[in-house]
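Colleague: Sequence:
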Amino acid sequence: MAKARRSRKNATGGATIAPTAPQTTSALRTDGILGYKIRVLLYDLLNITKDPSSARRLNATVDEHYLSTPYFTAPEAETIKNATVDVEISSHLIPDDSSATEAILEKSLYGALCALLQNFLDKRRASGDARPCGPHDLAPIFAALFGIELEELKDEKFLGRLRRNGV
Numbered sequence: 001m002a003k004a005r006r007s008r009k010n011a012t013g014g015a016t017i018a019p020t021a022p023q024t025t026s027a028l029r030t031d032g033i034l035g036y037k038i039r040v041l042l043y044d045l046l047n048i049t050k051d052p053s054s055a056r057r058l059n060a061t062v063d064e065h066y067l068s069t070p071y072f073t074a075p076e077a078e079t080i081k082n083a084t085v086d087v088e089i090s091s092h093l094i095p096d097d098s099s100a101t102e103a104i105l106e107k108s109l110y111g112a113l114c115a116l117l118q119n120f121l122d123k124r125r126a127s128g129d130a131r132p133c134g135p136h137d138l139a140p141i142f143a144a145l146f147g148i149e150l151e152e153l154k155d156e157k158f159l160g161r162l163r164r165n166g167v
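Sequential numbering from 1 applies to the sequence shown in this note's numbering.
Read the hints as simulated data drawn from the structure, not as lab findings.
For every residue, glycine included, the Cβ atom is placed at its ideal position computed from N, Cα and C.
Treat the hints with care, since some could be wrong.
Claimed, not checked - Dumping the calculated BS3-like pairs for lysine-lysine here, alpha-carbon to alpha-carbon at most 27 angstroms:
(1) K81 with K123
(2) K123 with K107
(3) K81 with K107
(4) K81 with K154
(5) K50 with K157
(6) K50 with K154
Stated by the list, open to error - Derived DEER-like restraints, expressed as beta-carbon distance ranges:
(7) A74 with Y36: 10 to 20 angstroms
(8) G32 with N82: 18 to 28 angstroms
(9) E156 with Q118: 16 to 26 angstroms
Turn these sequences into a full structure, and let the hints steer you where they fit.
Modeller: Here you go:
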């Protein structure tokens, strides 16, 4: 009888998606470990000024888009950055030209994020404000790319787990 294949374990001992497997953003959203970590990142981006733990975690990241420790291991971060965007993006996030939809859907999360942020920065420059976006500006973009409703971050089960376990 053949042995059952075991899933990879992360540093906390929970099973997670293998970093080499091609993934979609919706698959990552539903993954028990990575989906939770993505939601913690979203929560922190929205609550950086209200929650000292959120500020501490965000200030410990080394990636310009916050896709690094303490939220994700290096292999998890690569899996996330390389995930294919497979969710419909709200039209208010997409630039006016129709080619922008193609620049986001079916592209890597990293590529889609760069395309969306470029549009955001172009609009800010046009308005006379050339400052880079703040963490709270990234939250709706990440939520849209993963297909996560921001209301999920107010769920008592999620908040209880976050208070007990952190990332």
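Colleague: Give me the numbers of the hints this structure contradicts, sorted from smallest to largest.
Modeller: 9
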